[in-house]
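All chains, please: the whole structure from these sequences, using the hints.
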Amino acid sequence: MNTHSDRFRAPSIPKSAMPLSTAALLISSLTTLLTWFVLWQLALAMAGVTEEQVAVSLEKKMYWSAMLARVSDLPWFAWLVLAVLALVPLLLFFPTVKAILQARQARTALQFENLIAARVATANSSNFSWYAIGYSVFVVLFFGGIWFVIAKDIAVGNTFFKLDLMWEKASLVVSAFLTNVFIFMVAQVFILIWGLLIALARMVPGAAGQPIRLLATLYTDAFRGLPSVITIYLIGFGLPLTGFPILGDLPPVWYAIFALTLTYGAYVAEVYRAGIESIHPSQMMAARSLGLNFTQTMRFVIVPQAIRRIIPPLLNDFIGLQKDTALVNVIGTIDAFNQSRILASNNFNLSTVTIVAILFVLITIPQARLVDRLLEKDASKTRGAK
Amino acid sequence: MSFLEINNVVKRFGSLDVLRGINLSVEEHQVVCLIGPSGCGKSTLLRCINGLEPISGGEIRILGDRVSGAGVDVDRLRRDVGIVFQSFNLFPHMTVLENICLAPRQVLKLSKEEAESRAIELLRRVQLEQKAKAFPDQLSGGQQQRVAIARALAMQPMLMLLDEITSALDPELVAEVLDLVRDLAAEGMTMLLATHEMGFAKEVSSKVCFLYQGVVHEEGSPERIFGDPTEDRTRGFLKSIIEAGRM
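Residue numbers (my numbering), protein chains in the order written: chain A, 1 to 386; chain B, 1 to 247.
Derived from the structure by calculation, the hints contain no laboratory data.
Backbone N, C-alpha and C define an ideal beta-carbon position, used for all residues, glycine too.
Accuracy of the hints is not assured; some may be wrong.
Said to hold, decoys possible - Here are some chain B residues pointing at chain A (derived, C-beta under 7 Å): (1) 75; (2) 79; (3) 103.
And the structure:
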């Protein structure tokens, strides 16, 4: 008969950790060399050396003397920064050396048939190896990025990140960005109300509600399918042409708000609906059993719970909306993007558009963190022992 | 005229007949227990009485007034008939106090002060006044169910329907809820309850009905149903309960 001891008669011997730790050593070394190469290029770029000058010095076979003479002019703090950066890749050798030591320890333990010690050392060694490799990848990508920006006489850097131009035009672009902020702030309020109305219209109960449900469904289908740039274009240019009173002579910003509300109202209506449908039917039953009617049940029991659940997807849609405010340039509104494009063509440089890009990213990050905090606060309030 | 009359009530879900002609009456201040195997229709019957499920046939009357069928003011009916569920169904985004005050304020249009003083009184009665500001998820199952009972009582119903209110509770929490129901019975509250707590049913009820496959298979005093049931099905059911060690 088979016993358990039969099955474990041959314990597994750990594989040697040497190859992996050697690979880690190789990768760390290459990473360090690449880093130093990029830093050298960076020093040259900072000293204002052009590709042409490099080519000439190579031709005259005096590359090092010429280049060292140039970089020696750099101020001391530039050297300090470069030196600190040059030390960064050396940190990779801490895990690498540990990996190799552990791999050797594993080999020794195996010679003394100490299986358990060998396994522990092997596991440690491979952990340290992967640690070194993972950080190497990060360092390579980071310095690769720097190289990309400074290559070809700082081609990318001068096209997108011309700091003096950015600094000079920042206030113009930022004040134009207030138009974007105004558009999405107002639109968000409208969208919250309009989206809820559409969502509730899609859920009106009974056979009598059929036509209302149908209308609401048609609306969401149409405006989710329509690209928002087309909606903005049609409304922004079309409504003034109709000559309707009030509706025909609003400032362009309000057409943008109107168009974005129509588009994003359709998205947000679906988010609301999903949130409302995610509330368990027993909540509806409990509220109705207390004598609350359908409207009261929705208002006090279902919608408040649904809103807590839909805040994260709602933020998603709002970030989409905020980015889409850049589309209002098609109807000639001077928003941040339009302003920066004008500046870009006046200065033959895209750096002013980079400012807009940075502004859009900067406004979304605090919102995401705020929502996280709100949800956490609400969760800790309603849950757990008190 | 009985307080509650259920005449030949039928309930179908598609092709499934859940209630197949239920006849039952409850007198004022009576406590009637519904017992029977799972799926026999106990919960469905309670929901039909409260108007949460429309019935497919027959009629339900309270004090002679027909409360089933088209045109009945179900919101009004539910004001008079409270129901407590197996899974508590408290509103998780509201405090205990808000849970209890919601219906009195919105349906009975009581002022905030009136509703709160009524709620505090009820919380004192279910011995949870110190939990007024807590949220449901911060309470034990037994405490949540006591709040659910207080919430139903806040509407001052004429009839209470209790749907297996201890089935979702840990055994050590059952007693605190049953004690409360016992008190209500002693005060003369008219109650109709579906339960698996046979010992409790025996002790508290004025009448026990054994439901089987959507009809009242046997009914009588608790002494007779538990002591000397006449029907084979009833005997079989009670035998399996005893074998399971639940009585």
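Right, here's what the structure says about each hint:
1. 75: Interface hint status for residue 75(B): holds (5 Å vs cutoff 7 Å).
2. 79: holds, 4 Å
3. 103: holds, 4 Å
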